[in-house]
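Just so you know, the sequences run in chain order A and B.
Per full-length UniProt numbering, residue 1 is the first one in the first sequence, and the count goes up by one each step.
Per full-length UniProt numbering, residue 1 is the first one in the second sequence, and the count goes up by one each step.
Think of the hints as simulated: they come from the structure by calculation, not from any bench.
It cannot be assumed that every hint is accurate.
[What the hints assert, rightly or not] For lysine-lysine, the following DSSO-like pairs were computed, each having C-alpha atoms within a straight-line distance of at most 27 angstroms:
| hint | chain 1 | residue 1 | chain 2 | residue 2 |
| --- | --- | --- | --- | --- |
| 1 | B | LYS2 | A | LYS123 |
| 2 | A | LYS22 | A | LYS208 |
| 3 | A | LYS132 | B | LYS2 |
| 4 | B | LYS132 | B | LYS35 |
| 5 | B | LYS2 | B | LYS22 |
| 6 | B | LYS132 | A | LYS150 |
2 protein chains.
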Amino acid sequence: MKLYSYFRSSASYRVRVVLNLKGLDYETVPIHLVKNGGEQHSDSFRAINPEELVPAFCDMHEGRDVALTQSLAIIEYLEEAYPEIPVLPANAIDRAHVRSLALSVACEIHPVNNLRVLRYLTKDLGFTEEQKNAWYRHWCEAGMAALEQKLAADPRTGRFCFGDTPTLADCCLVPQVFNAQRFNCDLSRMPTIMRINQACLELNAFIKAAPASQPDAE
Amino acid sequence: MKLYSYFRSSASYRVRVVLNLKGLDYETVPIHLVKNGGEQHSDSFRAINPEELVPAFCDMHEGRDVALTQSLAIIEYLEEAYPEIPVLPANAIDRAHVRSLALSVACEIHPVNNLRVLRYLTKDLGFTEEQKNAWYRHWCEAGMAALEQKLAADPRTGRFCFGDTPTLADCCLVPQVFNAQRFNCDLSRMPTIMRINQACLELNAFIKAAPASQPDAE
Chain A
1 MKLYSYFRSS
11 ASYRVRVVLN
21 LKGLDYETVP
31 IHLVKNGGEQ
41 HSDSFRAINP
51 EELVPAFCDM
61 HEGRDVALTQ
71 SLAIIEYLEE
81 AYPEIPVLPA
91 NAIDRAHVRS
101 LALSVACEIH
111 PVNNLRVLRY
121 LTKDLGFTEE
131 QKNAWYRHWC
141 EAGMAALEQK
151 LAADPRTGRF
161 CFGDTPTLAD
171 CCLVPQVFNA
181 QRFNCDLSRM
191 PTIMRINQAC
201 LELNAFIKAA
211 PASQPDAE
Chain B
1 MKLYSYFRSS
11 ASYRVRVVLN
21 LKGLDYETVP
31 IHLVKNGGEQ
41 HSDSFRAINP
51 EELVPAFCDM
61 HEGRDVALTQ
71 SLAIIEYLEE
81 AYPEIPVLPA
91 NAIDRAHVRS
101 LALSVACEIH
111 PVNNLRVLRY
121 LTKDLGFTEE
131 QKNAWYRHWC
141 EAGMAALEQK
151 LAADPRTGRF
161 CFGDTPTLAD
171 CCLVPQVFNA
181 QRFNCDLSRM
191 PTIMRINQAC
201 LELNAFIKAA
211 PASQPDAE
């Protein structure tokens, strides 16, 4: 198994956590999103992912290497192919709840603030660094405040986003908190998120997946 | 079953298609995203979805109404709870491929261009109508060009995004094409997408789910 990853990519970070939680051995192939004009735009990587985004993931299937893309699709694949340690609950209603929490990060918060959007703001639209950071904080704080409410209001929230075992939701939450802290977002009104984040960061699977633990960390 | 929906919301449109493909009867509860300051911000709707987003979906579970949110989480729930007519393929690799196509729409194209982002551009950042539309077209055309490549390059692409039966990927693609056309995006370089879109629009499930067919259509 190979994970095409960038240490600071939060979508890569999600997949790293799931691979670690499931105890799967994988090789990291670093794709530097900034150096060399962005290695995700190279011909060799485009052959793996025409979307020019990390992560991409390769697994052996019927004797050949198959490439998968989009972090949540990769994670659902891992859940189906390696179900021994699950990252989704057992029943359909609870699974929908955990997926909904994960998608709140993956569809509402992260896409508006990923590298290519921030770059477009400064390079194409002439935003200053301060305006770019204000954009980041606006969407991040609004999205995380809604997520805080979802978590605080739900009786299924436990030590982690769902009960007392990490799930897909935690695997998405922790990388988002990491990003939010990098951009100095105000997380003081998000006690549930911060408590869960802390609980996750005590686990080996999360420690090993952190940007600072990656072979391409700077 | 109740679907809290707005006729022009492409995330609601996705769920409507899946409900129709599966032949499930449901009641539409219209939530007007513009009138009355946005009904998604009302106290009664916030009790159902603190994220203040459509769609939300209610189903009976163990004798009580349970609310689900986030279109893709709702669709995965429908796939698990009502599996008779599936919208995902059988094997894990193909399922990952279909989910990846769906997520290309749901994570890469749609979030940067949804109503609240476009509003923020004009109301908070002072973008002109023309600048807002240019923003829309930039992200929509870039994202759809990547999706076109994914579809054109994959031997599994058939009459629909995956083979000759509609899947989750088509349910996400068609609402995105509808949006792109509303904003006059240039879709001339996307023959595969447009061909698939046309094939979908010939099916009753897609016709019934279209914005113009909704009880709240204007």
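Hints versus structure:
no.	hint	result
1	B:LYS2 with A:LYS123	violated, 45 angstroms
2	A:LYS22 with A:LYS208	holds, 13 angstroms
3	A:LYS132 with B:LYS2	violated, 40 angstroms
4	B:LYS132 with B:LYS35	holds, 21 angstroms
5	B:LYS2 with B:LYS22	holds, 15 angstroms
6	B:LYS132 with A:LYS150	violated, 31 angstroms
Hint compliance for this structure: hints 1, 3 and 6 are broken, all remaining hints hold.
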